[in-house]
Amino acid sequence: MTDFTSLGVKDIRDGVAKGDFTAREVATAFNAAVAQAASLNAFIVTTPDHALAAADATDAARSKGETLGKMAGVPIGMKDLFATRGVQTTAASHILEGFIPEYESTVSSNLWAAGAGMLGKLNLDQFAMGSSNETSYFGNVSSPWQKEGSNAPMSPGGSSGGSSTAVAARIAPAATGTDTGGSIRQPAAFTGICGIKPTYGRCSRWGVVAFASSLDQAGPMARSVEDCAIMLEAMAGFDPKDATSLQMDVPNWEAALSGDLSGKKVGIPKEYQMEGTDQAILDSWEQGKAWLKDAGAEIVDISLPHTKYALPAYYIIAPAEASSNLARYDGVRYGLRDLPDGAGLQDMYAETRAAGFGDEVKRRILIGTYVLSAGFYDAYYNQAQKIRTLVSQDFEKAWAQCDVILAPTTPTASFPLGSLDADPLTMYLNDVFAVPASLAGLPAMSVPASLTKDGLPLGLQLVGKPFDEQGVLNAGLAIQQRAGFAAKPEKWW
Amino acid sequence: MSVDKQTVAKIASLARIKMSDEELERMAPELNNILEWVEQLSEVDTSQVAPMTAVIPNILRLRDDVVDADPLTGGGKRDDVLANAPAAEHGFFGVPKVIE
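Chains as they are written, first to last, in my numbering: chain W, 1 to 493; chain F, 494 to 593.
Check the hints yourself; a few may be wrong.
Said to hold, decoys possible - Quick list of the computed label-pair ranges, beta carbon to beta carbon: (1) D561/F - E271/W: 47 to 53 Å; (2) G86/W - G584/F: 19 to 25 Å; (3) D557/F - A379/W: 41 to 47 Å.
Hints were generated in silico from the structure; no laboratory data involved.
Values in this document were obtained by computation on a predicted structure and should not be read as measured data.
Don't be surprised by glycine CBs; every beta carbon is placed ideally from N, CA and C.
With these hints in hand, go ahead and build the complete structure from the sequences.
Here it is, written out as structure tokens:
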């Protein structure tokens, strides 16, 4: 009998289409795996009936000889940042606890239309603010990976930590993620899976709980480059309901996948050689260059001079947008209301927001409010937006020399839960390699490369030109074919 | 630039987040650490640089000027809009008394 939970998106889609097994068998197996993995805390709510209903619809469509969708028969995990009609959507916050949307996000809607089903809503850092999945109101998510010889719970990365854990633990073949400053790529790297953030505007933001709107982008997380390509095709597309949605056709990324990089130039940014980066990370970067060279690419040194300013600029821009976006949580229209006896409207706002937001969310709202306040706007916010222009121009210049950029995804491998929470700033540094591509709106992907000597996964990052997801996926595929990353976490949950 | 407890209290009030003295004490040094760190941006000469307004060049679209263009989110959705309100009365959002 097939162990369905070992299958990825492509295997399931093709197996169901060929009739090797039914979508219901697959959904049943994953539902059972999800139910059995409660100790990972990857899901906030599970929706086994949704997964089964979608599977039955696929099986029925197949028996009638209808054309099946791109994700037909594939049950997935949905990050709890996407509004799902009739299913609680919390952004892992107390303030949205019990919120049941009356509408469906465009991305999830696209996935259901492509034949996917939902296993449940995945845990994340509260409002996607965090890099370790320790800021969720619903508790930490544990990575399925542990250091060799230790059973200390490790971070699955963040903010898409429920997504990375579910996919790495084989309790979901794939999951949605969102990436504002690395929230798909860093968790993918920490858990030995793939994740791609497409060009800003490829996936609709409509129905995605907003964090920093000029940066937020949805993308797939799965165990292979092919699976990411398939799922991204299903997620992406023009949406008139999102003012920044790209009015472009979605390419057939899966069909054009090729790990042959002959004639391609891969840029190595010297500024990513940062102090404090683990030797293991630098070694894996070297290995990555060798793999891409072996795939036919030419390696060229490039310079992205404003790299060191990207992260501090991000920590002005993202909180500024967050402070504005999160003003909507006021205890009036939806979510939590905290109204002490005899309190007026202003007190109700302040009490509701005090009770409903976690510490990290409050910290970012305060930073954002401060940098946007009169007298500081120019010094902080405007300066950060100018730096963002410079970061973006660095990339534009680099594209004259190369087609795709190779860099590490993170400066370290995963760390034990609770080990970095004393200092918010140390936590922020996790995203130092991920943020520049976010600021420039570029497609970027993490693919698993190797294991550290402690047995923890390391990822390599590929950054591409605007709209060139294909170039990123192809370089990712070239690495995947050569890395032969087959390690999986030993089941302890 | 650094912030003291009073400044943090002022920002928290602007952001409509109630904070205890103890929270303000804890938050002030954390915010200062972050602000000190972002201070390095001031060393970049940006006098000739325009602030970014759109990360990917895009056109601003206007939707068709029709009522209820989207069946799910168009007009006539009062009950759906109120469905998650903590206090909905008579088809309106309920709030504490605002005018004495």
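So, going through the hints one by one against the coordinates:
Checked against the hint of 47 to 53 Å, the C-beta distance between D561/F and E271/W comes to roughly 51 Å, which is consistent with it. As the Cβ distance of G86/W to G584/F is approximately 22 Å, the hint placing it in 19 to 25 Å holds. For the pair D557/F and A379/W, the supplied restraint of 41 to 47 Å holds, since their beta-carbon distance comes to about 42 Å.
The structure meets every hint from the earlier list without exception.
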